[in-house]
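Next come the chains, spelled out residue by residue.
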Amino acid sequence: MDSMIIMMIIGMGLVTYLPRMIPLVALSQLKLPLFVQNVLKNVPYATLGALIVPGIFFISDDLVFGIIGAVAATLIAFTGANVIVVVMGSIGTLVLYSMFFT
Amino acid sequence: MSSTTTLVKKQSSFLQGLQSGISIAIGYLPVALTFGLLSKSTGLSLSETFLMSLIVYAGASQYISLSLLSVGTGIIEIILTTFIVNIRHFLMSASLSEKVEKNDSLWKKALYSFGLTDETFTVASTKEGTVNAGYLFGLMLISYASWVINSGIGYVIGASLPTTVQESMSIALYAMFIGLLIPTLKKHRKVMFLAVAAAILNSIFYASQMFSTGWSIVLSTLISAIIVELFYMKYTSGVETNG
Numbered sequence: 219m220d221s222m223i224i225m226m227i228i229g230m231g232l233v234t235y236l237p238r239m240i241p242l243v244a245l246s247q248l249k250l251p252l253f254v255q256n257v258l259k260n261v262p263y264a265t266l267g268a269l270i271v272p273g274i275f276f277i278s279d280d281l282v283f284g285i286i287g288a289v290a291a292t293l294i295a296f297t298g299a300n301v302i303v304v305v306m307g308s309i310g311t312l313v314l315y316s317m318f319f320t
Numbered sequence: 439m440s441s442t443t444t445l446v447k448k449q450s451s452f453l454q455g456l457q458s459g460i461s462i463a464i465g466y467l468p469v470a471l472t473f474g475l476l477s478k479s480t481g482l483s484l485s486e487t488f489l490m491s492l493i494v495y496a497g498a499s500q501y502i503s504l505s506l507l508s509v510g511t512g513i514i515e516i517i518l519t520t521f522i523v524n525i526r527h528f529l530m531s532a533s534l535s536e537k538v539e540k541n542d543s544l545w546k547k548a549l550y551s552f553g554l555t556d557e558t559f560t561v562a563s564t565k566e567g568t569v570n571a572g573y574l575f576g577l578m579l580i581s582y583a584s585w586v587i588n589s590g591i592g593y594v595i596g597a598s599l600p601t602t603v604q605e606s607m608s609i610a611l612y613a614m615f616i617g618l619l620i621p622t623l624k625k626h627r628k629v630m631f632l633a634v635a636a637a638i639l640n641s642i643f644y645a646s647q648m649f650s651t652g653w654s655i656v657l658s659t660l661i662s663a664i665i666v667e668l669f670y671m672k673y674t675s676g677v678e679t680n681g
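Chains as they are written, first to last, in this note's numbering: chain A, 219 to 320; chain B, 439 to 681.
Check before you lean on any hint, since a few could be wrong.
[As the list claims (entries may be wrong)] Listed next, with one range per pair, are the computed distances between beta-carbon atoms: (1) L293(A) - T602(B): 35 to 41 Å; (2) A244(A) - H626(B): 25 to 31 Å; (3) I595(B) - P251(A): 49 to 55 Å.
Hints were generated in silico from the structure; no laboratory data involved. From the three backbone atoms N, C-alpha and C, an ideal C-beta is built for every residue, glycine too.
Required output: the full structure, derived from the provided sequences and hints.
Following this line, the structure appears as structure tokens:
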């Protein structure tokens with residue numbers, strides 16, 4: 219193995235691990251102000267919004283593809299189906315779409 | 439589930455974690471296969487590819503490092519770029535600290551925080567109640583295994599999935615995010631405000647190309663989380679805030 223590559227990997231590993239680890243380890247000992255606690259509890263749902271949009275529309279060069287995927291996932295999720303069903307159902311919908319319409 | 443004893447619950451939280459991670463494992467499959475493939479064409483060896491997925495375990499940064507390597511970028515720059523891409527995890531890690539069991543030992547926290555990704559974070563934090571170490575280990579193990587193993591498979595096979603399957607599977611992680619969001623969004627209006635605000639902000643940042651993707655996610659998340667909280671403080675309790 220190339221030692222430069224190994225050094226790069228170790229460096230990348232460190233700068234990836236530290237942001238993941240430091241707040242969790244440091245903050246869990248502290249009692250944060252209520253407002254900060256509430257903001258942190260809001261973070262997952264805001265993150266979901268930002269992770270989905272606009273990324274989902276660019277999974278393929280064909281914008282329609284992303285739109286169909288998004289609609290399928292949303293409809294299936296609204297029925298109250300388990301996450302795995304939402305995932306498989308969306309993949310299935312897109313497989314069908316690409317078999318018949320592209 | 440309803441009639442299980444505490445003991446069984448404790449034992450099965452690892453299994454429950456594994457089960458919650460199945461969607462992530464499926465979602466990582468096409469991304470990791472492609473990473474392995476690209477890594478080979480960039481000229482990395484199989485062991486270097488494995489090592490990167492084992493040690494770094496961050497999809498976006500690993501992809502970026504390959505494209506930077508192929509244009510001859512120095513390793514310091516690659517490491518800095520990785521750091522910037524991963525800064526969003528500071529925020530997720532801070533948020534997860536409010537969700538995990540406070541009395542988990544420090545080494546456990548240091549260990550399971552290694553497995554924190556966009557996907558494991560969202561799955562763990564949208565689960566009801568707190569999450570214990572067993573659940574987190576299960577969730578993170580199956581996701582990590584999928585990432586590492588499929589990176590290797592992608593390298594060895596040297597081909598990705600058929601385009602149709604590959605493209606269709608690229609919906610998986612997004613579908614999972616939607617599947618996590620919708621049930622909570624139906625129950626709590628606040629969740630809808632948070633997600634919609636962050637989605638709009640992130641789209642604006644994306645369109646304006648003001649920030650890189652990583653920063654864009656951090657800023658849109660943080661701004662939405664703060665604004666919605668201020669709004670709720672003002673209108674649900676009548677307390678004036680000076681934020």
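Okay, the hints, checked on the actual structure:
1. L293(A) - T602(B): 35 to 41 Å: Violated - the Cβ-Cβ distance for L293(A) and T602(B), about 22 Å, lies outside 35 to 41 Å.
2. A244(A) - H626(B): 25 to 31 Å: The hint (25 to 31 Å, Cβ to Cβ) holds, given that A244(A) and H626(B) are roughly 29 Å apart.
3. I595(B) - P251(A): 49 to 55 Å: holds, 52 Å
When each numbered hint is compared with the structure, a violation occurs for hint 1 only.
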